[in-house]
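Start from the sequences, fold in the hints, and give me the full structure.
Protein chains: 2
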Amino acid sequence: MAEMYFEDFYLGQVILSAGSAKVSAEEIKEFAAKYDPQPFHLDEAAGEGSFFKGLAASGWLTAAIVMRLRVESIKVAGGMIGAGVEEMRWTLPVRPGDSIRTEIEVVGVRPSSSRPEYGLVTTTTLAYNQHDQVVLRSTVNFLAPLRRKA
Amino acid sequence: MAEMYFEDFYLGQVILSAGSAKVSAEEIKEFAAKYDPQPFHLDEAAGEGSFFKGLAASGWLTAAIVMRLRVESIKVAGGMIGAGVEEMRWTLPVRPGDSIRTEIEVVGVRPSSSRPEYGLVTTTTLAYNQHDQVVLRSTVNFLAPLRRKA
Numbered sequence: 141m142a143e144m145y146f147e148d149f150y151l152g153q154v155i156l157s158a159g160s161a162k163v164s165a166e167e168i169k170e171f172a173a174k175y176d177p178q179p180f181h182l183d184e185a186a187g188e189g190s191f192f193k194g195l196a197a198s199g200w201l202t203a204a205i206v207m208r209l210r211v212e213s214i215k216v217a218g219g220m221i222g223a224g225v226e227e228m229r230w231t232l233p234v235r236p237g238d239s240i241r242t243e244i245e246v247v248g249v250r251p252s253s254s255r256p257e258y259g260l261v262t263t264t265t266l267a268y269n270q271h272d273q274v275v276l277r278s279t280v281n282f283l284a285p286l287r288r289k290a
Numbered sequence: 141m142a143e144m145y146f147e148d149f150y151l152g153q154v155i156l157s158a159g160s161a162k163v164s165a166e167e168i169k170e171f172a173a174k175y176d177p178q179p180f181h182l183d184e185a186a187g188e189g190s191f192f193k194g195l196a197a198s199g200w201l202t203a204a205i206v207m208r209l210r211v212e213s214i215k216v217a218g219g220m221i222g223a224g225v226e227e228m229r230w231t232l233p234v235r236p237g238d239s240i241r242t243e244i245e246v247v248g249v250r251p252s253s254s255r256p257e258y259g260l261v262t263t264t265t266l267a268y269n270q271h272d273q274v275v276l277r278s279t280v281n282f283l284a285p286l287r288r289k290a
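Chains as they are written, first to last, in our numbering: chain A, 141 to 290; chain B, 141 to 290.
One or more of the hints may lead you astray.
Since the list gives no way to pick out one identical chain from another, each pair is judged satisfied if it fits inside one copy or across any two copies.
Stated by the list, open to error - Simulated crosslink set (DSSO-like; lysine-lysine; CA at most 30 Å straight-line):
hint	residue 1	residue 2
1	K193	K162
2	K169	K193
3	K215	K193
Derived by calculation from the structure, the hints in this document are not laboratory data. This structure is a prediction, so every number in the text was calculated from the model and none was measured.
Laid out in structure tokens, this is it:
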């Protein structure tokens, strides 16, 4: 995949993740133990008695998996530099065994006012499970370097 | 710490993290390898030549650490159920050796329209490093159960 510069992004551009990410109970529990140690993310039985009615991934694990899929599907020259989240929603729990894929759409492109050598790309991401249900949606900005230096 | 219900939250309430989270180069690289495999998050030398001018934590690691500090400092009855991110900004890179603490302010409390047994609490979080510089700020919603059932 060729490295992408600001000039390569355009409104309405859609980028699908090359593959999908399988989520295991082990990964859900390991992430939770480190970053979101709540019973429904750590233990099947505790999950059953909770809001989630079963073991569910931390929303921040889902967000991290979505980041990996984004990095794998969009190769920005010099790397994808995050420039903020405009909104993120967890629309359904992610369960052990789920496979997550992403569909990214470019919804904004503008030069950066503070960094003339970069442009700001705004994207909406829909993350789907294997049943084609949306589990996360977000609007996130990143910087991409200009091919023609300002 | 007593478990908190919706009625325990009020506008202007400020909750400081009990402790702080020390971030190591090892944790930065381990998280990056799994969820944000970009050179400036994986390798000191690659970081030097990058936008970040040194090894920097993935913004999603910072967000995950902030989640742990939130969970440790606010014990919601039944667990903290995330209900979306309104905004998140990474204002400074997080570096190996940094210590992160959080200051959370309640900026919204309202009954949930879709779930009558819960209320929606909106909080802004400022995450500081050991130099009292803000490294992340966010506005995040969570659900808290009503003590008096609707």
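Taking the hints in turn, this is what the structure says about them:
Taking the shortest alpha-carbon separations for K193 and K162, only the intra-copy value of 21 Å comes in at or below 30 Å, while the best inter-copy value is 34 Å. Taking the closest pair of Cα atoms, K169 and K193 come within 30 Å of each other only inside a single copy of the chain (16 Å); across copies the shortest separation is 34 Å, beyond that limit. For the homomeric pair K215 and K193, the shortest alpha-carbon distance between copies (20 Å) is at most 30 Å, but the shortest distance inside one copy (38 Å) is not.
Consistency with the previously given hints is maintained throughout, with no hint failing.
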